[in-house]
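Chemist: When you get a sec, could you build the whole thing from the sequences and use the hints?
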Amino acid sequence: MITADLISQHQLTPSEYDKIVDILGREPSYTELGIFSVMWSEHCSYKSSRLHLKKLPTRGKLVVQGPGENAGIIDIGNDYVIAFKIESHNHPSFIEPFQGAATGVGGILRDIFTMGARPIAVLDSLRFGRLDDPETGARNRRILSGVVSGIAHYGNCFGVPTVGGECIFEPCYDGNPLVNVFALGVCRKEDIFYAKAAGVGNPVIYVGARTGRDGIHGASMASAEFTEESKQKRPNVQVGDPFMEKLLLEACLEAMKTGAIVGIQDMGAAGLTCSTCEMGSRGEVGIEIELDRVPQRATGMTPYEIMLSESQERMLLVAAKGREEEVFSVFRKWGLEAVEIGVVTRDGKLRVKHHGEVVAEIPNRELADEAPLYDRPHDVVPAPVRPVPNLPKADVQNSLPTLLASPDICSKRWIWQQYDFQVRTNTVAGPGAEAAIIRIKETGTSVAMSLDGNGRYCFLSPREGARLAVAEACRNLATVGARPVAATNCLNFGNPERPEIMAQLVEAIEGMSEACRFFDTPITGGNVSLYNETLGEGIYPTPVLGVVGLMATAPPVTIPFKNAGRALVLLGGLGSCDDARMGGTQYAKEIVKQLWGLPPLLDLEYEQRVQYAIRRILEEGLAESAHDLSDGGLAVAVAECSFGPAEVGAQIEIVSNLRPEVLAFHEAPSRILISTNNPKRVVAIAEKYEIEAPVVGVTIEKGIEIRQRTVTLGSWEISALKSAYDGALETHVR
Amino acid sequence: MKFGVIVFPGSNCDHDAFYAVSASFGQKAEWIWHDSHSVGDVDAVILPGGFAYGDYLRCGAIAKFSPVMQAVKDYAADGGLVLGVCNGFQILVEAGLLPGALIRNRSLKFICRDVHLRVETTRSPFTGAAHRGEILRMPIAHGEGCYYASEQTLDELEAEDRVAFRYLDNPNGSLRNIAGILNAQRNVMGLMPHPERACDELMGSSDGLTIFESMLRTVQAHRAAFVPAGRR
Chain S
16 MITADLISQH QLTPSEYDKI VDILGREPSY TELGIFSVMW SEHCSYKSSR LHLKKLPTRG
76 KLVVQGPGEN AGIIDIGNDY VIAFKIESHN HPSFIEPFQG AATGVGGILR DIFTMGARPI
136 AVLDSLRFGR LDDPETGARN RRILSGVVSG IAHYGNCFGV PTVGGECIFE PCYDGNPLVN
196 VFALGVCRKE DIFYAKAAGV GNPVIYVGAR TGRDGIHGAS MASAEFTEES KQKRPNVQVG
256 DPFMEKLLLE ACLEAMKTGA IVGIQDMGAA GLTCSTCEMG SRGEVGIEIE LDRVPQRATG
316 MTPYEIMLSE SQERMLLVAA KGREEEVFSV FRKWGLEAVE IGVVTRDGKL RVKHHGEVVA
376 EIPNRELADE APLYDRPHDV VPAPVRPVPN LPKADVQNSL PTLLASPDIC SKRWIWQQYD
436 FQVRTNTVAG PGAEAAIIRI KETGTSVAMS LDGNGRYCFL SPREGARLAV AEACRNLATV
496 GARPVAATNC LNFGNPERPE IMAQLVEAIE GMSEACRFFD TPITGGNVSL YNETLGEGIY
556 PTPVLGVVGL MATAPPVTIP FKNAGRALVL LGGLGSCDDA RMGGTQYAKE IVKQLWGLPP
616 LLDLEYEQRV QYAIRRILEE GLAESAHDLS DGGLAVAVAE CSFGPAEVGA QIEIVSNLRP
676 EVLAFHEAPS RILISTNNPK RVVAIAEKYE IEAPVVGVTI EKGIEIRQRT VTLGSWEISA
736 LKSAYDGALE THVR
Chain A
29 MKFGVIVFPG SNCDHDAFYA VSASFGQKAE WIWHDSHSVG DVDAVILPGG FAYGDYLRCG
89 AIAKFSPVMQ AVKDYAADGG LVLGVCNGFQ ILVEAGLLPG ALIRNRSLKF ICRDVHLRVE
149 TTRSPFTGAA HRGEILRMPI AHGEGCYYAS EQTLDELEAE DRVAFRYLDN PNGSLRNIAG
209 ILNAQRNVMG LMPHPERACD ELMGSSDGLT IFESMLRTVQ AHRAAFVPAG RR
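Taken in order, these protein sequences are the chains called S and A. Under my numbering, the first residue of the first sequence is numbered 16, with each subsequent residue one higher. Under my numbering, the first residue of the second sequence is numbered 29, with each subsequent residue one higher.
In short, the hints are calculated from the structure, not lab data. Check before you lean on any hint, since a few could be wrong.
[To be verified] Calculated pairs, DSS-like style, for lysine-lysine (alpha carbon to alpha carbon, straight line, at most 27 Å):
{"#": "1", "chain 1": "S", "residue 1": "K456", "chain 2": "A", "residue 2": "K30"}
{"#": "2", "chain 1": "S", "residue 1": "K348", "chain 2": "S", "residue 2": "K211"}
{"#": "3", "chain 1": "A", "residue 1": "K137", "chain 2": "S", "residue 2": "K427"}
Modeler: Below, the structure written as structure tokens:
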């Protein structure tokens, strides 16, 4: 008996329930109610965001597969493609950091190999609360350690290198950490598999781990705000088994080679429910399954539990009738269960039987693709107006070490050293580099990847913040010589039922859309994570962008200065920044300890010319080192370039009317610092692209000095700065 | 020369080892499946890194029972060259082909980074192409790589010149900085660092080739010295 209470427990509104009754032409059964509730959850249906996601560019010359499949696919030439996507696992990671993060990795890896691509790289974008907060610091440190161990546990055992990412700390992530995992895989173009059922009478086969009671309603949990009771939801978090996933990977890729597989999809959010109805809907066919045949880990599971379980490491596939044995034998070889649980039918319905009786019968298309669509109110100003505060007297000398030791800027080695970033022997540039570079052995070319997102910028202006994220990710790729070709996004926001949050989401999507169109980096897939709120406190709007670029395989130009006596050219120029545009910088955060005004100003045209110029400079082999200016501005970039094995420093001498702290720490985009022994040619290239390229100094044997005209703003020993930078995170974690 | 690379369920450096000895080093390679009862006609066997059988128990504790390990023992007893890298080293130790144990890193964390190794002996089929005292740079990537053994065993290893490599910058707490060891017959070696990841300057180092080069020279010398009586 479906009561109003039961409906609201399933997070369905009365009108959504009416729609269900409409679709079925009758009241749903309890199992059907559960099935609808997960498929129509925010997490699975994108009901609040879908309308706006349509604004994103998704097409391009190289796009083989855009949004709507398990991952986006890009043609990289030589008959090969890459499949990639980013996904969030925020809510589970708060409730159980280790398993939450581990299964986040597991989920995205399956999304990649279900398309026939072998995963070859993972990157993570992480957000946590402040580690030194007297009240929440201990919990935040525990969450950080747990998340990092979870990612390491899963990725290292599975055998995929974790090659980069970002990690930022803000009080707004205290009760709501963000764990966004990006994965990329490679396969031959002709070997791509789709999650589409076809061929009436073809067997539906279940492979991998058994189904247990773990993760029931995970998708719905991820579609609600956190309350005090959320901590009781631990049983909702799944447990990952990377060994099982590794076997599943090898077995699936091998089984795909037999030619006996018609379609395949992993069981992620909403488990068996999602995989059956989505495959059916895409193929415009029906699927009938008998739950008695589903391998089960627990006894006495109800149809409701079996359909909603989010047990990990499971896949559903449709095989060609009569060729089942070819599939079974591969899975037997790898010691995995593979069981025929149903059949493809003609009627377009998901029919679920238990002990021979029909317990659910729902049209696939309506269930999978016709979830309610909301145009939620967003007619408010998305960002607060925060006036410029009284600024302290500039002290560049002491501010630089403070910034270098701050959690956002300091070395993240403590994190990435726990990840195997070299397995598969393709890592040309790993963690700590400007962008990660992975060679593709099969094509002789390489792929570069970068994740970027800045919650502070987006809080001040979601539209400009999102544009800046796209620009920075593309700039990171350009700085290693890659040409950005496509992107994936993870949109982390608060409760969309609040107009100001919805306004943030809409503005961010529009900003991202504009910039992605401009840079010709279509979004081929991604993920939206809403309701990132705890006890009514929302996170900063945090759209995270993963951009993928193509390049030749060659020794990379890296960040550190290599030799003394080289000219330092600041490609893009000194930039400009007024007091309002300083408000989102790391200087504002760590030194002024406030957030105000607007993010740095971005000129897309200029940014692109800078990117063209740097690629040209790298092609001509003119740069010994290259590093883009981002968090902490020029001074931090100079310091980071000095931390290489050669410990070559720099003397910076600038003629500028900017205030000293603005000159040293402002974060205007479109700027790249390079060291070169041919500044003349570099400047000539810059002129050709109509960008500024002042020579701002020279590399020197020892130390760092920054002068404005004749005034020394600061001078430092490299070793002192380096030890502050290297050791800070470890100190914070303890 | 033909290398055999063993594939346990959960091996994940098997492709890397195969690629290193074939594409980078230019020799032949073939797979050996974990339930084989023979290693076939290979000139050397590599137990690659990874998490054999998931390693949810002690590392290598299950792998030692797999059928191929009996074949590896027979092959080693017959004088065949056996190289265990990382998880492969852990398995060789569990299987009793090498002494001691590999326990959790002192930091209790997984560590992935480059280390510097000193070649402690050139009197082995795996280090013959190096100079004694030569410094090699290779990556490590392990959570349980702290070499541990009784004082008596450690003394014995040193007295018999069976310490193949020591860390210059001990990353994991290994006793006496031991990174790799030989068996008494000197035809079985285990080491925690990954030579197969150091076979290409593009990956940061090609020092790992020294080990494969040593093995090749050994096999070639063996072939020159003996007329083969038939394939194994």
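Chemist: Next, verify each hint and record whether it holds.
Modeler: Evaluated hints:
Distance restraint check for K456 of chain S and K30 of chain A: the Cα-Cα separation of roughly 22 Å lies within the 27 Å cut-off, and the hinted pair is therefore satisfied. A hinted pair counts as satisfied when its Cα atoms are at most 27 Å apart, and K348 of chain S with K211 of chain S qualifies at roughly 26 Å. Proposed proximity of K137 of chain A and K427 of chain S is supported: the alpha carbons are some 15 Å apart, at most 27 Å.
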